[in-house]
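Chains as they are written, first to last, in the numbering used here: chain A, 6 to 226; chain B, 17 to 654; chain C, 26 to 273.
Quick caveat, the hints were computed from the structure, so don't treat them as lab data.
Wrong hints could be hidden among the right ones.
Partial list, computed: chain C residues near chain A (C-beta under 8 Å) [what the hints assert, rightly or not]: (1) Pro214; (2) Gln215; (3) Thr256.
Label pairs and their calculated CB-CB ranges [said to hold, decoys possible]: (4) C:Asp50 <-> B:Pro491: 46 to 56 Å; (5) C:Ser54 <-> B:Gln37: 52 to 62 Å; (6) C:Leu270 <-> A:Thr48: 36 to 46 Å; (7) C:Ser229 <-> B:Asp389: 32 to 42 Å; (8) B:Asp405 <-> C:Leu169: 31 to 41 Å; (9) C:Ser229 <-> B:Trp111: 50 to 60 Å; (10) B:Glu509 <-> C:Leu218: 22 to 32 Å; (11) C:Ser54 <-> B:Glu509: 52 to 62 Å.
We put the CB at the ideal spot given by N, CA and C, even for glycine.
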Amino acid sequence: MLINRKYIMAITGLFLCIFLIVHLSANFLLLLPNNLAKEAYNTYSHLLRNNPLISAVSILLYLAIIFHSVMALIITLDNKKAKPQKYFMNYAQQNSSWNSRNMGLLGLMILIFIIVHMANFWAKVKLGYGPELPIDSKGQIDIYSVVVTTLKNPFITLFYTILSIPLAMHLHHGVQSAAKTLGLYHKRYLKYVALIATFYSCVMGLGFGLIPLYIYFFSQG
Amino acid sequence: MTRLDAKIPEGELEKKWSNYQAKSNLINPANKRKLKVIVVGSGLAGAGAAATMAELGYQVECFCYQDSPRRAHSVAAQGGINACKNYQHDGDSVWRMFYDTLKGGDFRSREANVYRLAQLSAPLIDHFAAQGVPFAREYGGTLANRSFGGVQVERTFYARGQTGQQLLVAAYSQLSKMVEAKKVTMHTRHEMLELVVTDGKASGIITRNLITGEIEAHNAHAVVLATGGYSRVFRLSTLAIGCNGSAIWRAHKKGAFMAGPSFTQIHPTALPQSSDSQSKLTLMSESLRNDGRIWVPKNKDDKRDPSLIQEEDRDYYLERRYPSFGNLAPRDISSRAAKERIDAGHGVGPLRNAVYLDFKDAINRLGLKVIKDRYGNLFDMYKKITGIDAYKSPMLISPAAHFSMGGLWVDYELMTTIPGLYAIGECNYSDHGANRLGANSLLQASIDGYFILPNTINNYLSSAIKNDPPKSDAPEFTEAKSQVEQRISRLLEIKGSKTVDHFHRDLGHIMWQECSMSRNEAGLKKAIIDIKKLKEEFWSDVKITGHDKELNQELEKGLRLADFIELAILMCEDALERNESCGAHFREEFQTPEGEALRDDSQFSYVSAWEFINENEFKLHKEQLNFEFVKPTVRSYK
Amino acid sequence: MRVNFKIWRQESHQEEGSFKDYSVDNITSDMSLLEALDYLNETLVLKDEKVVAFDYDCREGICGQCGIFVNGRAHGPHDNTTTCQVHMRSFEDGQTIVLEPWRARAFPIVKDLIVDRSALDRIIQKNGYITVKTGGAGEANSILVAKKDADKAMDAAACIGCGACIATCKNSSASLFTAAKINHLDHLPQGKLETNERVMAMVSQMELENFGSCSFTGACEIECPQSISITEIARMNNLFLKAKLTKE
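So here's chain A without its partners, still in its complex pose (with noise of 0.2 Å):
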């Protein structure tokens, strides 16, 4: 049933949502002065490349976003099914927000940054693709190097910074609409929500967003 795809895309989103709260707290190690965050930072993920208990963690992770795209396709296609003939002039921007109507697209340029972002780092660490990668003092993965390195390509600065923004306005749609699937219909707790949302929007793509332009100007591998 439609109703029931509405419910995973609802819980696997917030678990996204809570995944990236810790991605981004992780991240803001990389803002430490430069030796502080090179060795916080390589250990940091040196635990949690060992931790069972975040292997197991992280295959969730990959099912939700699997199954939060795939839904979301399917979901799209049987919506565009329940609407096979567009108007020829629709002001739809009086009675909605472009977001709001346009998540299937947000969500599909989240995706192709997610590719990408796995592409610079997840496949070269979990996979060994491309050359070999640096070690640090203590004998650990420099990821923090990696990190750095690639960030100090401007394209690539620049797309993790711009694709901060289609983001953050999936998320602030997607955590209101999340508790709304999921029956929250209180008024008041909605406008907390709101709120929570707004703020939580702000701080993901703002986070995500300028952390690589710092990386950029003022890190060094």
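Following the hints, position chains B and C against chain A.
Frame of chain A, contents of chains B and C only:
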């Protein structure tokens, strides 16, 4: 006159309905399944009857011209529904409600019918509450009431300003329940164009499928008409554009008597007409009169802004003329009083055709919040249509054609003069006499449909079980079908020079001028001549484009108007015959020196039931009204 | 004033449709939009042309029969209004007014601006009622209903079934319509007893009728003539989830 036997049961007034029920015939459930009943119309009366009869086991076929049964015009009743629950402890009782209704109708209805209406009102509220109608409630959870025109107790139940909608949606949901149970077959976008009578009994109908234009025959053991009012005969009215008199007029031409056809209620609180292209007059709920005060400027042609007119220059004419009822005087009296002031040159608004309904005092007394809570949606609606904020400036209101008290003559069982043909709700003449009290129409429609008809129809069907109606391809059906087809092609072939709306405007103009709030002999006679001329012109000069085997709204309008024109003639004949003033029927020749209606019980204490002889001739039958239990008094609201 | 209508004309569901332009003089600003169409139709009849078919009935915003996509908005340029309550003063002299039928797979076009909304009736037929027989009701005041519950029930019950929510929804979702009925009955103790079966049955039927799903864009609550809130949909989701989780 044997044909007009009202079949009023024996016994004391309070016992008549139970006596009737005790003695009427029943049908065993296995046999009910074999009996088919047609219900035309899906409003409160029709949907209630169709759902209830289906629950009882009959096969029901229900027809409506709209795209869904939920659109029927019961939906538009705003104010409420009366019931003598006496929840307010203000002295209400079945007797008082009975008396108010009888008196409100100016003693031109049957005691037994009206008493039954009052008696069944309380269980009806129980029934609607059980169906999920979100009636207004007190903080403690009990049902709330408000007062309404023509009575001095608070007995009106309501659901914001959308009572009719909520009751209809409840009836519609019950109808849907029986559609799902496959006990009711619903035919939407179907219009009844002919009644079929076999051996003097109703045996089916001919309909037009409004999408394909297909003419279809439907047979049944009994036919129930629940087709509502016909005030669109005035063209400008508070009714839906599609409301029409065709079903009852077709039945009339097949032998059903029309009773009191000229009794039309003119509602006092509609929005005034603003131009000729206007298609309808929007009603503002009468409940507004609970808190609003009606006035006009004391000086003729006072064109000042209402806020600049001082108290001493305002004439609160209802409070002046009817001090004990004031702004809550019954509809006919309020409308006529407004017309009197407007005609005397005190009208307000751009076309000087309106009076003020002012909430200033109520807002000062109760506060803006209370008024918003009570009437918010009505004020919003007023603003949408007129662009005026009625919280700041008084509303402009004006009388408009509204409810048809007249309709097919029915007996105590709601059966017309054609055996097997029933008329329920607004399309019959039963409980309201010459004038209907506010919030009694939803009541009558519901009670007819839910409570009375499903009980009384057994009495007829118990004998019908032995003789099935002819098959829908029997000669009488094919003949009726071809008559309908001929009428349609005749209409389409005229290819004249004027639109249907053009003729409808002319008809409306004549009727509003001569057969509405006040009538006189000369005017009515002239109106009859004019309408007959209009009829000739219509049938020789109307132009309808498109063809018959498609969705053709011009054709629909044309067929309805053709029947309205004929009905209008009978309305004028009826008004002309009744040489008295009673209720909504005000003949200028019959009034007191103060301008109040002068009823003549010695001569006119009867229901006029008209038999169709031919297009130009109607025969009057009189059903004498015998008042056994109350003594008709002068209907005074002073 | 003079206006130019650009109107979708389509003979039937089977045939292709297209826009046709009509320019109409002598329109007055106090006319309603539908009266302007009446007027256009009268001129068409006199020109021997077929009239524009459009739905209407009460013309006071309560029956729900009218519904046109007017200049890119369901029911025209104002929020929370029916088409019949749009007046020509909302348009400018010389303006082009584009009229399209409701577009949704679940609403096949019948003719010109008329669509078939019987899918909505079929949703109601699936438990969109309280199972009670005529004659069996107890005293109304024996079941108390808190004023706030009655008010909430009324907020949802106000739905007129016009289909604007579906027309405006990019997914043609009937969630607002369906939720309104489910919540109306669930707020009342009389209706609550059957909520679980009702919500399951109505939601299934809604999906069978080829309506899309809800993306919470909020367009529906802006176009709804009765201002029914989108939170009704959230509440329906809540009830559905509960019904599903507690299903025996």
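Checklist entry - CB of serine 229 of chain C to CB of aspartate 389 of chain B, is that within 32 to 42 Å? => result Distance hint for serine 229 of chain C, aspartate 389 of chain B holds at roughly 38 Å.
Checklist entry - Can the hint on threonine 256 of chain C be confirmed by a CB-to-CB distance to chain A that is less than 8 Å? => result holds, 5 Å
Item to check | Cβ distance range 22 to 32 Å for glutamate 509 of chain B and leucine 218 of chain C, holds or violated | outcome: The hinted range 22 to 32 Å is violated for glutamate 509 of chain B and leucine 218 of chain C, with Cβ atoms some 59 Å apart.
Item to check | Cβ separation of aspartate 405 of chain B and leucine 169 of chain C, checked against the hinted range 31 to 41 Å | outcome: Given a distance of about 37 Å, which is inside 31 to 41 Å, the answer is holds.
Next on the checklist: Taking 46 to 56 Å as the stated bounds, is the beta-carbon spacing between aspartate 50 of chain C and proline 491 of chain B within them?
Outcome noted: Check passed, 53 Å falls within 46 to 56 Å.
Checklist entry - serine 229 of chain C and tryptophan 111 of chain B, beta-carbon distance inside 50 to 60 Å? => result Since the Cβ atoms of serine 229 of chain C and tryptophan 111 of chain B sit about 51 Å apart, the hinted range of 50 to 60 Å holds.
Item to check | Outcome for the supplied range 52 to 62 Å, where the beta carbon pair is serine 54 of chain C and glutamate 509 of chain B | outcome: Roughly 39 Å apart at Cβ, these two residues miss the hinted range, so it is violated.
Next on the checklist: Just to be sure I understand the hint, the distance between the Cβ atoms of leucine 270 of chain C and threonine 48 of chain A should be within 36 to 46 Å; is that true here?
Outcome noted: Once the Cβ atoms are compared, 43 Å apart, the range 36 to 46 Å for threonine 48 of chain A and leucine 270 of chain C holds.
Checklist entry - Cβ-Cβ distance between serine 54 of chain C and glutamine 37 of chain B: within 52 to 62 Å? => result Because 58 Å falls inside the window, the suggested range holds.
Next on the checklist: The hint names glutamine 215 of chain C as touching chain A; please verify it with the least Cβ-Cβ distance against 8 Å.
Outcome noted: Not OK, violated: glutamine 215 of chain C not within 8 Å of chain A, min 21 Å.
Item to check | Hint status (Cβ of proline 214 of chain C to nearest Cβ of chain A, threshold 8 Å) | outcome: violated, 19 Å
This entry does not satisfy hints 1, 2, 10, 11, going by the numbered hints stated previously.
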